[in-house]
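There are 2 protein chains.
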Amino acid sequence: MRTALCERLGIELPIVGFTPSEHVAAALSRAGGLGVLGCVRFNDAAELDGVLSWMDDNTDGKPYGVDIVMPAKIPAEGTQVDLTKLIPDAHRSFVAQVLRDLAVPPLPDDTDERAGVLGWLHSVARSHVDVALKHRISLIANALGSPPEDVIDRAHAAGVPVAALAGKGEHAVRHVERGVDLVVAQGYEAGGHTGEIASMVLVPEIVDAVGDRVPVLAAGGIGSGRQVAAALALGAAGVWMGSFWLATEEYRTTMPGSGAMQTALLDATSADTVRTRIYTGKPARLLKTRWTDAWTADDAPQPLPMPLQNLLVSHAHNRIHAADDPTVVSMPVGQIVGRMDRVRPVAEVMAELVRGYEEALARLDKTR
Amino acid sequence: MRTALCERLGIELPIVGFTPSEHVAAALSRAGGLGVLGCVRFNDAAELDGVLSWMDDNTDGKPYGVDIVMPAKIPAEGTQVDLTKLIPDAHRSFVAQVLRDLAVPPLPDDTDERAGVLGWLHSVARSHVDVALKHRISLIANALGSPPEDVIDRAHAAGVPVAALAGKGEHAVRHVERGVDLVVAQGYEAGGHTGEIASMVLVPEIVDAVGDRVPVLAAGGIGSGRQVAAALALGAAGVWMGSFWLATEEYRTTMPGSGAMQTALLDATSADTVRTRIYTGKPARLLKTRWTDAWTADDAPQPLPMPLQNLLVSHAHNRIHAADDPTVVSMPVGQIVGRMDRVRPVAEVMAELVRGYEEALARLDKTR
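Protein sequences appear in the order of chains A and B. Going by the UniProt record's numbering, the letters in the first sequence line up with residues 1 to 368, in that order. Going by the UniProt record's numbering, the letters in the second sequence line up with residues 1 to 368, in that order.
Here chain A stands alone, though its shape is the one from the complex:
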């Protein structure tokens, strides 16, 4: 399973794994892929700095990357308090009522609540870039469009390639024109922010659109070696997987209290996701639960634009997380959730991807 991407990034397997967990990311890199740490959960740059130092020490000297959310069009300045004033009262009342209806308990009085949305702001994202470039990172990815020009320039000055997600051919071309080194073709079936064009159509379309200029990673619907083989058959130089690492042992190490979430994921079929704007304000695929159902009721308000929607629901997310109820999870995940049937170590998932890939190629050999 070697492609040109392996040379480019100094990795053994063309499998890039996005995860908010440093334990998952490190295990991915140690297993021969590229672990990419999602930074949006770090509101405090010093905390991210500490975690990246841990990554430096726990990846056996192998490459790893970071994912920083840098949307093109959100308020660049303004504190959280200012933005909060833009949220209509009716939206707040709706969320409060839904939490009551779903019997999600309030947080204990002594909870030190996370502030939620700060990682989405330009100022915070830039502090992530500052911190990340002090560590031996091998990739900066942006989960929302092209990174800002100055970020691309600084990454390149440090010899770090930049990746960006694209859901359409024209987005991919724009990324390349702006200097992006790696395009992630994110299909409809993917978890999190996603467009409407499915991987089977999108991946070769983006491969053709960018030509030889940059390698393309296929994202969306990948959780087996057969699917890696399909992605490479479509012309991708590798795969970008996010959802599948949620059902790993290492994820729980970083994210205590994710038992209910993992239970919900193991129980879900591929039909149990929904693409909705309720998580961030932009269409994102989430696990379908009583929480997502509540937003489809006749009296439910329209979700707010980014970043207000995430601000609106961030306290609810904290309560939902603490409630530990598999039926009221709020979690981005792709349709590949139907293939998650047990919680395993990252290295075991990687080994199975390789095995399944080789079996798929052996099967294709027989067609000649």
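Mixed in with the good hints there might be a few duds.
Restraint ranges, calculated between C-beta atoms of paired labels, are given here [as the list claims (entries may be wrong)]:
1. A:D299 x B:A90: 17 to 27 Å
2. A:P88 x B:E249: 49 to 59 Å
3. A:E170 x B:E12: 46 to 56 Å
4. B:D56 x A:R290: 52 to 62 Å
Subject to a maximum C-alpha distance of 30 Å in a straight line, what follows is the list of computed DSBU-like cross-link-like pairs (lysine-lysine) [said to hold, decoys possible]:
5. A:K62 x A:K134
6. B:K85 x B:K282
7. B:K134 x B:K62
8. B:K366 x A:K366
9. A:K366 x B:K62
10. A:K288 x B:K288
11. A:K282 x B:K282
12. B:K282 x A:K288
13. A:K62 x B:K366
14. A:K282 x B:K288
15. A:K366 x A:K85
No lab work stands behind these hints, which were simulated from the structure alone. Here the structure is a predicted model, which is why all the values come from computation and not from measurement. From the three backbone atoms N, C-alpha and C, an ideal C-beta is built for every residue, glycine too.
Position chain B relative to chain A; hints supplied.
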């Protein structure tokens, strides 16, 4: 590009092509695939009989199949006039107003208008089965769920295998339990009736669900050899392609006046489709045009259930077809429409699929 499906159906390439055009179907079979003629457009059994006799004589003795629409739950009896009474006046007025707004002219007074929906009725579908079994068909497919038990029994008694479309693993298992011989895994990106699970996830899921019991064809998003290779990597025994044949020279031979439709298809990108209930009452993917846009207006009514919606719009479809305006086409097509860039003979498309498949396998070879 040989799989077990080739032995099973007596074909050279595991490419099954669904098309309402006998000229396309015959060309597909002559080129080594299996042409499957969609019968829903034949309200008159004698007309179908004549067309199948033509197929017998124009396929060089090679196998071909038929596709008959046999929904499980629609009024089995009742004439078209009875059903027509169930259509609300508000829906009729809306359709009439949209046609005026879109400047779609009325039909000339002397038009011998087709009756539209009859092919969807059980009685008509059964007459199609009667007629088809008199010809040397190699497959009966049902584009809507499992065929009725008596149809399966009669096909098997005649030595003809039966195929059914599935958009979920559980549907595929139900088909197999009812005696279906071949499952078509139809992904979200497909044209016509389609579910929400994309091919990358759906195909291996259905392959695993049915196991060794029956072969699985991948449908949805296939229009290049790379995509055929991806489908086979996912575990499919072959592919089922429908949309792609709309942009062939042979299609125009059967369907005079399809110039505007073909123009619209060539102009469309993969983002220019929409999954909507306006064509038949069930979710189906159509080309996005001013006609589909009209149904998303705030004052547009909800589509009616099958088969009433198709009855409601069948006269509109006739007027739209006659109008020959690429911006007001009503046409089922998948996201692969973005790859349709010129009108070609079927044999040329087939040759390119084979070439692209071999290139994809050669590329995969280099990853070992």
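Verification of the hints:
1. Between D299 of chain A and A90 of chain B the C-beta distance comes to about 25 Å, which sits within the given range of 17 to 27 Å.
2. Range check, P88 of chain A to E249 of chain B: about 57 Å between beta-carbon atoms, so the 49 to 59 Å window is met.
3. For E170 of chain A paired with E12 of chain B, a C-beta distance near 38 Å fails the hint of 46 to 56 Å.
4. Separated by about 57 Å at the C-beta atoms, D56 of chain B and R290 of chain A satisfy the suggested range of 52 to 62 Å.
5. This hinted pair checks out: K62 of chain A and K134 of chain A have alpha carbons roughly 16 Å apart, not beyond 30 Å.
6. For the proposed pair K85 of chain B and K282 of chain B, the alpha carbon gap of about 20 Å is at most 30 Å, so the pair holds.
7. With a CA separation close to 16 Å, the supplied pair K134 of chain B and K62 of chain B stays within the 30 Å bound.
8. A C-alpha spacing of about 17 Å is found between K366 of chain B and K366 of chain A, which places the hinted pair at or below 30 Å, so the restraint holds.
9. Taken as a hint, the K366 of chain A and K62 of chain B pair is honoured in the structure, with Cα atoms around 24 Å apart against an allowance of 30 Å.
10. Distance restraint check for K288 of chain A and K288 of chain B: the Cα-Cα separation of roughly 28 Å lies within the 30 Å cut-off, and the hinted pair is therefore satisfied.
11. A C-alpha spacing of about 27 Å is found between K282 of chain A and K282 of chain B, which places the hinted pair at or below 30 Å, so the restraint holds.
12. Simply put, K282 of chain B and K288 of chain A have alpha-carbon atoms about 22 Å apart, close enough for the 30 Å limit, and the pair holds.
13. Distance hint between K62 of chain A and K366 of chain B is fulfilled; the C-alpha atoms sit about 24 Å from each other, no more than 30 Å.
14. Proximity of K282 of chain A to K288 of chain B is assessed by CA-CA distance (about 22 Å); at most 30 Å being required, the pair is judged to hold.
15. A threshold of 30 Å between alpha carbons decides the hint, and for K366 of chain A with K85 of chain A the separation of about 63 Å lies outside it, so the pair is violated.
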